[in-house]
Every structure is written in C-alpha cells, then in structure tokens.
Amino acid sequence: MIPIAFDYVRPTTIPEAVAALVASGEDGKILAGGQSLMPVLRLRMAAPSVVIDCSEIADLQGVRDDGNSIVIGAGTTHHDVMNSPIVKEHSPLLAMATATVADPAIRHRGTLGGALAHADPAGDLPAVALALDGVLSVTGPNGSRDIAAADFFTDYFTTSMAEDEILVSVTLPKLGAGWGYHYEKFQRTAQGWAIVGVAAAVHRSNGNITAARIGLTNMAPSPVRASSVETALSGADATVKAVGDAAASAADGTRATSDLHAAADYREHLARVITKRAVLTAGGI
Amino acid sequence: MTDTLPDKLETLSPMGRPLRRKEDARLLHGQTNWTDNIQLPGTVYMAILRSPMAHARITHLDVTPALSEPHVVAAYSAKELGDLNGAVPCVWPVTDDMQAPAFPALAVDKVRHVGDCVAVVLATDRNAAYDALDAIEIDYDQLPAVIDLESALQPGATLVHDGADSPGTNECYTYHLPGTGIPYDEAKTKADVVVKRRFINQRLIPAFMEPRAVVASPMGVSNEMTVWSSTQIPHILRVLLALVTGLPENSLRIIAPDVGGGFGGKLQIYREEILAVQIARQLGRPVKWTETRSENMVATHHGRGQVQDIEIAATKNGKLLGMKVNLLADMGAYLQIITPGTPLLGMFMYPGIYKMDAYDFNCIGVFTNKTPTDAYRGAGRPESTYAMERIMDELAAELNMDPMELRKKNWINHEDFPYATIAGLVYDTGNYEAATDKAMEMFDYDSLRAEQQRRRASGDPVQLGIGISTFTEMCGLAPSRTLGALKYVAGGWEHCTIRMLPTGKVELITGTSPHGQGHETAWSQIAADILGVGVDDIEVIHSDTGRAPYGMDTYGSRSLAVGGQAIKKAAERLIEKARVIAAHQLECSVDDLEYVGGAFRVKGDAEKAQPLAAVAFEAFSAHNLPDGVEPTLQAESTVDPQDFSYPHGTHLAAVEVDTETGKTTLRTYVCVDDVGVQVNPMIVEGQVHGGLAQGIAQAMYEGVEYDEDGNLLTASLADYLVPSAADLPSFTTSTTETPSTTNPLGTKGVGEAGTIASTPAIINAIVDALRPMGVTDVQMPASPQRVWRTLQEAKGGNA
Ligand SMILES: Cc1cc2nc3c(=O)[nH]c(=O)nc-3n(C[C@H](O)[C@H](O)[C@H](O)COP(=O)(O)OP(=O)(O)OC[C@H]3O[C@@H](n4cnc5c(N)ncnc54)[C@H](O)[C@@H]3O)c2cc1C
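If you read the protein sequences in the order shown, they are chains C and S. Going by this note's numbering, the first residue of the first sequence is number 2, and it counts up by one from there. Going by this note's numbering, the first residue of the second sequence is number 540, and it counts up by one from there.
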C-alpha cells in the first residue's frame, strides 16, 4: 500500500528533534531505521502529520565503554551493534540476539533504539535489555531521565516514554567473568520473527549455577523475566535434570497470546522447552 | 578433412551445454523494462476500491465525492462504467451444465470475496488516486460467508451466486472420469487391503516477485491500443481482450516486457487489465495500475484448494488393484480463465507411475467466498501426485512393507513403454528403475534407515524420517484435439519464425512468453545448433504481439516441449531454402551440398563453399536467385504437438523432526529427474531448484488461511511464509536422460517437475519419522505447532 502524505524533517541534534516532536503536538513520529515504521505507514495503520528522521543525529550513534557498563546510542544499527568489539566483549548476549534479527539488509537499517522504542512483543531485543537489567535514557522538553528496562516496556507496542520524548541510549551492565549466555529463538522461517525467544545469562561456579537472568520474548504483551526459573536455578546443580526441573516453570506468570503461528498453550510449552535449552547452552551444561 | 568435420561440429554444438543465460546481465543489473517502469506522457493512475468483506450486498455506492479530491480525473463504479464493465472470461467450461456466473470487472450489487473490485479512481498522481479512494461512499450489508467446501454443498447453504439465473447451489460442476479398466468396486472385491485417506491440499498464493502491473495506452502506432502487462500470456490476452472489450483484435497490441515470475499466477486475464483498457479508451489517455503486495495477496488468483478423499485397494502382497478419487475443488468466488479445469489437469495423473486394474475419478467444483483459484505451478498435478504418493506410503505401512519396495512392485517397467495407463493416457517413454537406482545410491538410503533405527531405539527426541516420491507428470500442453475434447476453447500449438538478416544476424521470433525461464538462451542454443551460427548471433524476440504475432505463450511446462519443435522445424526450413540458393550460386544440385560448420559445401570439393551469411545477403539483394525462389531468407513453422511428454523422477528427502517442539528440519534432499534431452543443463537445474523450493514450501511453510467470516489471515508476507534460501538445504540434483518420443528434440518439460514431486516427499518423511508414535498423517503446511499437536493427539490416542 501507499502511506498517507506526511511532512518530513531531518534534525541533526537531539534538541532539534525534541523541538520538532513538541511542535508536532501528538502527531509526530520519530523515524530511525524505518524497518518497523514504514510498514505501519504503508498499511495506513498510522498517519503522522510529520516524520522526524533521526538518522543524521550524530549523538545517537555508536557504542562506548563506560567502565562497568557499555552505552549504545539509540540510532546504532543492528549491524553495527552485533559487530561492535565492545558489545561482543561485554554484552555478547546482545550481539548474539541481534544477529538473529531479520536479515542483513534489515539489520543495516534497523536500529537498537528503534527496536526498543517500537516494543514489538515479538522483537528479540527488548527481552535482552530486560534480562541484562538495561537502563534506557530518554530526553524530552523537560530534560533527560533514565528508565529501567523493567519499567520501560508497558504493553503491546507501548513504552513508558512520553509522546514528546526521544530514546537516546541504552546502558547495559557488563557481564563479568563466570557468565555464560545464549539467545535461543524459535521461529518458523530462518529470517522470521520469534514465536518464542529466550535470552539467558547464567553464572556458574564450582559445578553450581549461582545466578541466572532469563528474559522471554513473545510470551506476554511485553517481554517478561522468567523469575521463578531464575529463583529455582540460583544455587542449583549444573545438571540437565536440575535445569529441566527449573525450566518447567518458565511459563508461570506469562500471558502468551494466540496467533496464526502459535496458540497460547503451544507457546507455553515452547517456553519451557526453549528455556531449558537456552540455559543449558548458556551454562555450558 | 571432411572426416574430421563432424567431430569438430560436435564440439561446437551449443546443445546440451550449461551456457550462462543471455538475459541475466540485464536482469541482474536492473536494466530491464518492468511494466511499472513504463512512463508515458499524460498517464493517469488507477487505484481500486476493494471489498473488505467476503460476502455483502452493496446498499449504497457513490463515487462522485472522489471527483473533488486533488488530481482526480475520473471515478467509476459498475454504474458509471456501464457497457464498458466487461466480464472476465472463463475459457474452460468443463461440462455442458457448468454453473458459470457472470464476473464483471467491477462488482455489481454484491461483493463475493475480500478484495473484490468495487470502484476505481483515476488521478494524475498515483498516491492521490489511493488517497481519493477514502472519499468514495459505500455501505455494505454483510452476508454470511461460504468458506468450508462441504458445508457449501449442504442444502440451504448460503449461495455465493444467488442471482435470477442461479441454479440454487454452490456446486459449479461435477466431473466423472471412469478409468479404462474394470469398475473400481469390482476391483475392490479382490482386495485384501483398502486404505482410505482424506488429504487437504491447501490453498497457496503464487507470490511472484514482481507484482502485477498494466499500462494501457490508446496512443499507439496508427489506431493501436497498446497494452503492457506483466503477464505470461500476451497472445491469449490479445484474443480475450478483443472479445471482452469489443475492440478489433488487429488494433490491440499486447506487450509483456520483462516479467518477474508468474508460476501460473500471470496465466490470466485479470479484471484490472480489462479496466485499464476500457478506461484508457474512454479517457483517451494512458491508464496505469501497479498492484501493491497487499492487493496481490487478495486479488491475484490462488492455487490448489482441494479436499481429496482417496481410496486405494491392493492385495496383501502389495499389488495395486484400483484407486478411487473424490475431490472437492475450491473455485473461490468466480471462475477465471481456467479455474474449473485446473483440478482436472490432475485427473489423468492420480495413478502416477503405477499399474492397476481400476480407476475412478470424481470432482465437484465448489463456489466459496474466497479469492478465485486457478493454475499455480503444476496446476492439478501437484495435487494428484501428492495424494498418490502419500497414500502409497500409507499402504506400505498397512502392509508392513518398505515404501520403495511397494513402488517397485507396481510401477511401469521400462520395457513396458509405450504404456497405456488406466486413466487413458499413453506414456511414451520412461525409466523409473534407472532414476530410482541413481537416487537411492546418491541418497544412501540404507544407512539413513540404519540411523533411523538407532534414533528410534534410543528414544532420541530428534527423530529421522525418510520420504519418497516417485512421480511422473504430463506436460507440454497440448495436442489441440485433446484440448478440444476436454472442452478447452483454444489450441495447444506453438509458432516460430526465423529470419536471417542480410548481415548474417538472426531473429528468432517465438510465441512462447518467458518470465524467468531463460528462453532467450535455450532457444538460441536450439537454433544455433541447426543454423551453425553463434548463440550470440541470435536475438530471440518474444512477448510482443506486434513483433511476435502468433503464439500460445508459456505455462504448463510447454515452451520447450512444444515451442522447441517449432524452432527446430523453422530452422531446418530456413536451411532448406538457403540450400536452394546456395546450390544456384555454387552451380551444383542441392543434393551435392552438405551443410557443415555454418556453410554449404560441395561434397568432395572443399574449396567450393558458401557461408550461410553470404546466402542471406544474396537472398536480400536478390540479384541472382534461382527462378521461383522468393527474396529474403526466412522460414516459419507452427507445430501442434503429437502428444504430451512425461517427465518423471525419484525424489528422496530426509528430515529431522524435533519431537519436543514439532519443528521439522529438512536435512537432505536428493532428486534424479528425467526430463529427456536437456538443451541447457544449468537452466534445467535452476528450474528444479526453484520448483523444489515451491513444493517444499507447500509441505512446510505456505498455506492460505481464512477465518470463518472470509477474512484472509495470511494477508502479508509476514504471515504467509515464503521460505528463502536460508530455510532450505543444498539440494543434490541429478538427471537421467530418456528421450521423449513425442517430439523430435526428445525433450520433456521441467518447469513444474520439482514442485510436483517434492511436496509428498517431505510429508512422507515427516510421517515416517513419527509413525512409531502413532502418527499417520500431518496436514500441510507441517508447521511446528501442527506437528506437535499431531504428536500429542497420537500419544493421547495410544494411551
Ligand atoms: C521483514 C522484517 C523482519 C524483521 N524481523 C525482526 C526480528 O526477527 N526480530 C526483531 O527483533 N525485529 C525484527 N524486525 C524489526 C527490526 O528489528 C526493526 O529494525 C526494529 O523493530 C525497528 O527499528 P528501526 O530503527 O527500523 O525503527 P523505526 O521503524 O524507524 O521506528 C520504529 C518505532 O520506534 C520509534 N522510534 C524509533 N527510534 C526512536 C527513538 N530514538 N526514540 C523514540 N522513538 C523511536 C518510531 O517512532 C517508530 O514508532 C523486522 C523487520 C522487518 C521489516
């Protein structure tokens, strides 16, 4: 289809972008990589009066090492994220999950910030940000604030950002020594969206699992932590049996939905199977 | 010296060589003319208002508000279009009493499927045309939608067509084909085993890469209406557009520029083509329309859509006695070009490669409130092959026999050819043993079976399954008399004209209409071989009724099997004419001349020779031609094929099924196809690869889903899953070469073989993996969820 006509601006600084957003009233839309926004516009599911293209804002780009954490500009493309030496070293789970997003063409345009701001329940990266206790920095007309990933994703395609705020960067604590990680994505085609995805980071010492962080993709309107699995794993034996037992509760507290590709009960079943696999791989068991 | 010539010629011959495709450079470098690239001055763009409902009465429709929108030039509903609202024709009335409801280009009073065309807006700007659709006033009174085929036939069912001339049923036709043997019920009395299955051959969307597009310009050369269309059938379209619009056929010129895929989906005359021509005519300016992908999903015809009740009877030793087929075929809301005939293209092929004493085929065409169905790669034969190859596996399981052993026991042996089948065809040649032996060796069948045993014994959560499909198909549509007997209104011949220009270059004018198949290269190879000129000296002209006036176009794997014959004959005729001229020039008799290496040579006198190009110049200058010989060097041929050709092959698939998630991974795919003589093995391989991908797609990924209100749920490529190379393994393909005897080149078709063969191989493999757990069928597409549920149900049943 063809989008409804809109105005187009391309600011080069964050304040200019915020100003454009404020000026548009409730009617402006930020454009990052356009990989989610353009389909929505073409299907006429949204009709913003102005599209604010943020791809030329230098301050939204790039990855930097910030001591105990890494900071990724919201406008950094998936391709740049997954190939960044800093990300690969300190947040390899994000690199791995990003590599499962769509295909190379889309990864060259789509951005981390766009994926998080879009908050698609089937998107792979929100669950990773959640599992890693990421912090999202946003800027609006009243200044900047930080939002914990756990408070950022609120519902289907909905975040706690205000209409006039822009996502600027994502801060992820570094995974230190002893952590293993894995992103297990269950999809119907190689380049398709996740039916269920599991982002797992597992810390081991002396044959035990000491801590686990598990984020689930597409098991609720927004990403969820598999808290009961995390609790059960903490201090558990690093054995297939123990992990299997813990993963049996992976669907607890989720709110899986039914769609063309999977009914809720099948998703719940997958969450258990995939969580087990993800934890086993992450824990090197 | 003459002794060495044949050898040299042998090495020079382009036939059978994997030459790179001439057309690819322009296709890959974006230097083509897709229909959407054509920009004519004064063009108006058409946007179409489509029904959001599957079945509704239009209670109010007013297009006039759209006229005041920016850039809008005109707007039409059926009312404004009046007499110009031409009807989409169906050229295959399969029975005398077939229900053939009117199918006007713009819906009148009622809409019958989501995507049905209701009104159009024409604007000088494409986007403005789409925007203006919102201004059209329309109210619908929704009616219950007819979706399920069996319910559609129940008395009292809602009628898709309920006009004054409606026969009061959703049945379109009933067709019965008795086999040539004894009655099925008689054969069945001798049976030890009867296996019955219901298979669902789901609807598919052709999903070609280039969406449809049409440009109709009333400002052609002289009085011409020129129509560019992304079509497979420019020639047939010309005849049909003339009949539908009343425009004189000789004033219609149809051009199919480079066309980006069709798979049968562009073997059609579409309502958008009719609308573009009629409106261009009325407005006196070019009209252009390009389909969006969203429109494509609801408005380009779908394929398949059958409920197949299959019964097969056999002795306990595995000898087939007979087969009975009862089909319900989903026509969709209207009949398009060959909608009713498509399921019947399969009716001769249910018995496949097997011998049996009895066969009985019945098909009921059913109207539903869905997009019309029509030909899609294989058209009828994938459905029949699927049913037959699936039930052979079920019979083998019932008999506790290896499925390949069962096939060997029943197939037609190579010494039995030509073989008259129980369905009434005569298969000319084939060698199922050779293809199977080769495939089994490449596949390493025995060690895969051993691995399967190991996995079963150890209770591996990932089970291995092996699937077989030993298929044949009929292609090379078709002897015109046969088509006539089947009530198809057109013929099946093909045409070729070859012109040698005074400079020695060759124009080969074909009536086939390639849309990705590589005809420009393959046709050049055939002609170059006979003419003794370089492949690059030949320009293949096609798909433009102004330059290539005669033809029956490209579908049904016919272009080489039928069109190739015309090329061969025309090339030979050209050489014969040239021989007469050369003999005159060389002052000898025609019998003294041999034609080798691109030149006529006087036998026994190597010095006396005349190259073909020199003859062409003589024919052009005409200064010294023999009496009675007309100037110019050209020849033509129109060939009606003597019979179909019957490619066959053995396809073997190994799949891993994750029993914990239901996910199937295709591990190995081996196929050996026998497509007769190969003009270009690289093109053959490409056709097989693409065909396999589409057949595997039906088995594992693709399937049209409607909800009970008739909304298309798989309305985008995010939901209708077309697999990509990333989803498929490296195929291991090979061939055997048993020449067809129904055409002088010995070729068979290859365009559809991979699609026809592969679907049952995959499902057989999945069922084979899970059979010990009680699974006897998995509905297509075998999505992880479906496989998982099937397993749960089978486990529940066993408990
Ligand atoms: C075919 C296809 C397959 C895909 N498959 C996957 C997949 O498997 N997994 C997956 O995770 N994703 C997938 N995606 C989505 C992809 O990851 C997108 O890139 C991502 O969802 C959006 O990023 P973007 O930069 O393109 O954002 P855009 O499309 O430009 O924007 C998306 C939304 O976010 C808002 N937005 C963007 N940036 C900001 C910002 N800085 N501040 C505030 N709001 C902002 C926009 O206003 C818009 O509402 C797929 C996309 C396509 C087209």
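I should point out that these hints are in silico values taken from the structure, not numbers from a laboratory. Note that the Cβ used here is the ideal one computed from N, Cα and C, for glycine as well. One or more hints might be untrue.
[To be verified] Computed spacing ranges between beta-carbons, pair by pair:
hint : chain 1 : residue 1 : chain 2 : residue 2 : range
1    : S       : Arg736    : C       : Pro174    : 53 to 63 Å
2    : C       : Ser145    : S       : Thr831    : 34 to 44 Å
3    : C       : Gly179    : S       : Thr571    : 49 to 59 Å
4    : S       : Asp941    : C       : Ala103    : 56 to 66 Å
5    : S       : Lys1044   : C       : Asp104    : 37 to 47 Å
6    : S       : Thr571    : C       : Glu27     : 41 to 51 Å
Hint by hint, here is what the structure shows:
The hinted range of 53 to 63 Å is satisfied by S:Arg736 and C:Pro174, whose Cβ atoms lie roughly 58 Å apart. For the pair C:Ser145 and S:Thr831, the beta carbons lie near 41 Å from each other, so the given range of 34 to 44 Å is met. One distance hint, 49 to 59 Å for the beta-carbon pair C:Gly179 and S:Thr571, holds here, with the actual separation near 57 Å. At roughly 43 Å, the beta carbons of S:Asp941 and C:Ala103 sit outside the given window of 56 to 66 Å.
For the hinted restraint 37 to 47 Å between S:Lys1044 and C:Asp104, the CB-CB distance of approximately 43 Å keeps it satisfied. Look at S:Thr571 against C:Glu27: about 44 Å separates their beta carbons, and that is inside 41 to 51 Å.
Checked against the numbered hints above, the structure violates only hint 4.
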